[in-house]
Amino acid sequence: MLKVENVSKLFRSGAFGGKKKRVIHDVDFEVKPGEVVSLIGESGSGKTTVGRMILRLTSVSEGRITFDGEDISTLKGASLKSYYRRVQGVFQDPFSSFNPIFKVGRVFRTIRREFLSDLDAATWETRLTDALNAVGLETAALDKFPHQMSGGQLQRLLIARALVLDIRLLVADEIISMLDASTRIDVLNLLGDLKRQGLSIIFVTHDLALGNYISDRIIILQKGVIVEMGATDRVFGDPQHPYTRSLLDAVPHLHERWSEEELKDLGLVADTARSGGHLIEHRENHLVRVYS
Amino acid sequence: MLAVSDLKIHYRTLAGAVKALDGVSFSVADGEIMGLAGESGCGKSTLGKALIRLEERMQYVGGQVVLDDKVLPIADDRAMNPYRFSEVSIVPQYAMSALNPTRRIGRMIDELLDARGLKGSTLRPELERRLAILGLTPDVLGMYPIELSGGMKQRVVMVLSTLLDPSLLIADEVTSALDVASQKKVAGALVEFRDRGYVKSMIVVTHDLAILAQVADSIMIMYAGKLAEKAPTRTIVEAPAHPYTRLLLGSLPEVGIRFEEQRLPGIKGRPPSLLSPPTGCRFRDRCPLAFGKCVEEPPFIEIAPGHQVACWKADAHAQG
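Residue numbers (numbering that gives the first Met the number 0), protein chains in the order written: chain A, 0 to 291; chain B, 0 to 319.
Simulated from the structure, these hints should not be mistaken for lab results.
All residues carry an ideal CB built from backbone N, CA and C; glycine is no exception.
Take the hints with a grain of salt, since some may be wrong.
[As the list claims (entries may be wrong)] With a straight-line cut-off of 20 angstroms between C-alpha atoms, the simulated DMTMM-like cross-links for lysine to aspartate or glutamate are:
#	chain 1	residue 1	chain 2	residue 2
1	A	Lys263	B	Glu55
2	A	Lys263	B	Asp194
3	A	Lys263	B	Glu191
4	A	Lys2	A	Asp172
[Stated by the list, open to error] Footprint (simulated), chain A over chain B, 3 or more residues, beta carbon under 8 angstroms:
#	segment
5	183–196
6	205–214
7	246–255
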């Protein structure tokens with residue numbers, strides 16, 4: 000369905016933009032229908048940039064991204080609109096996605112005007128109600144202002160906004176990082192239910208436990224390079240790349256306390272990011288970057 | 000040693016007083032790192048702030064705070080000043096953006112000490128020594144904040160906040176905005192500073208129970224402006240007595256738990272509004288164990304040494 004083919008991203012840097020800096024190196028992966036793929040990495044790993052390129056919020060410098068075989072960078076006008084009918088994004092801070100002066104229902108009216116103006120009123124109402132019910136909200140919620148709702152509710156409204164369009168791929172960029180533990184799990188379970196109904200999700204996060212809970216496949220990014228990817232249980236159960244291992248070691252567990260030495264190990268960790276190398280198949284459905 | 004008794008702090012709003020902290024009593028022993036957890040809006044940050052500086056819209060309603068046998072004049076902004084930084088210090092929630100972006104870090108610290116009537120140059124060796132303990136070279140003092148990573152900035156602010164060896168440090172969501180690797184280093188730094196005696200006791204405010212399980216000696220859980228449970232870390236994690244604590248722990252996805260195999264339950268409903276909180280136990284609307292007696296407010300009582308709970312069913316729970 001979605002194919003990211005050898006994509007790189009270069010940003011201009013330096014005082015007059017004369018220099019170029021490569022922030023994404025040759026990223027290559029695929030998302031199948033009904034699959035949840037997690038992009039995991041620390042800040043600066045390029046995970047958000049990859050998500051933004053898929054949503055066409057940032058251009059692709061090298062390589063290409065295709066959706067159902069169509070190169071998305073060539074989309075314009077009507078075909079771009081039809082792309083956004085199938086692919087939508089939800090972002091980290093729900094409060095900044097809403098205009099605080101208007102009631103939240105405005106977001107849905109905009110969607111209707113932009114994308115679904117051909118629907119008659121009755122069909123639109125049913126679609127809207129279905130989408131809201133899918134995320135566990137009532138239509139009465141539309142009459143509220145953003146400040147009257149919790150972060151989790153707003154985030155669910157934004158997911159409903161995407162569902163109204165009957166999308167096939169959702170790019171979820173750190174959508175639960177700002178939520179409380181109890182609301183987090185509600186949103187995660189919602190994503191799980193939507194996946195069962197056939198929605199594909201790209202789940203961008205720095206939290207390994209959340210990525211593990213929801214995804215079929217994991218992609219570990221380090222400084223814009225895929226260092227390891229594959230089925231969730233393979234990558235987390237049998238991590239091969241040192242970076243994946245160090246990330247997993249740093250995850251705090253409830254029932255297991257770090258030893259004194261482990262906890263106080265503040266030694267400046269050498270920057271382990273290495274350029275070059277190539278991905279090889281360690282096992283079926285488990286790729287690891289090796290350096291020769 | 001910190002002792003707080005029946006502390007009440009309200010927020011003034013147009014709609015009335017929001018009872019963010021509604022009668023809270025607890026103590027933190029010397030050398031203790033106490034974790035303070037709960038959902039947003041439960042009053043945990045309000046409690047942390049109240050111990051050092053009341054914001055304008057925060058209103059002191061009652062209660063007492065005693066630190067090392069001295070009563071802290073928390074309601075009096077001026078009188079509190081001599082205690083701040085030297086006795087009570089805080090690493091604020093957005094410490095990373097607390098650094099002045101137009102100053103080199105060293106100069107900013109000197110100016111800050113100067114404002115407190117201290118000389119930067121006399122404290123410089125100690126400052127550098129402590130930065131080194133947290134794995135930072137003295138070079139950082141010549142850098143601008145933008146040159147440091149989030150975790151490094153957080154550690155710089157920690158060194159600065161504890162430079163005068165305060166008796167109590169409040170760390171407000173210090174790990175929340177960080178990646179797992181930096182999070183671990185900041186967590187280690189908290190324990191290191193306690194062990195070296197730079198800080199006598201600490202209150203670590205966070206919604207991340209997994210981090211508290213690593214660094215805290217005891218954990219206190221708050222719900223809707225009240226205390227729900229306080230116990231040694233192991234007890235909270237392995238044998239919590241309050242139904243809210245149990246549900247909170249049950250909603251954490253740990254590495255190894257998958258949606259496909261085990262769907263974690265959330266906590267149904269939302270916390271009550273603190274404008275006019277319900278009488279009785281504030282968790283009763285969402286509580287699976289609620290029964291008739293819950294319309295009366297449960298006292299915060301000790302059910303085992305060091306283990307306090309506010310729940311009518313806590314006793315039976317702890318045994319079963």
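Checked hints:
1. The hinted pair formed by A/Lys263 and B/Glu55 fails the criterion: a straight-line CA distance of about 38 angstroms is larger than 20 angstroms.
2. At most 20 angstroms may separate the alpha-carbon atoms for a hinted pair to count; A/Lys263 and B/Asp194 meet this at roughly 11 angstroms.
3. For the suggested pair A/Lys263 and B/Glu191, the alpha carbons sit about 7 angstroms apart, so the restraint of at most 20 angstroms is met.
4. Proximity of A/Lys2 to A/Asp172 is assessed by CA-CA distance (about 18 angstroms); at most 20 angstroms being required, the pair is judged to hold.
5. Given a C-beta distance limit of less than 8 angstroms, the hint that chain A covers the segment 183–196 of chain B holds, as 7 residues qualify and 3 suffice.
6. Figure legend: the segment 205–214 of chain B, annotated as covered by chain A; annotation consistent (8 residues with Cβ-Cβ distances under 8 angstroms, at least 3 required).
7. Taking a C-beta to C-beta cut-off of 8 angstroms, the segment 246–255 of chain B contributes 9 residues in contact with chain A, enough for the three needed, and the coverage statement holds.
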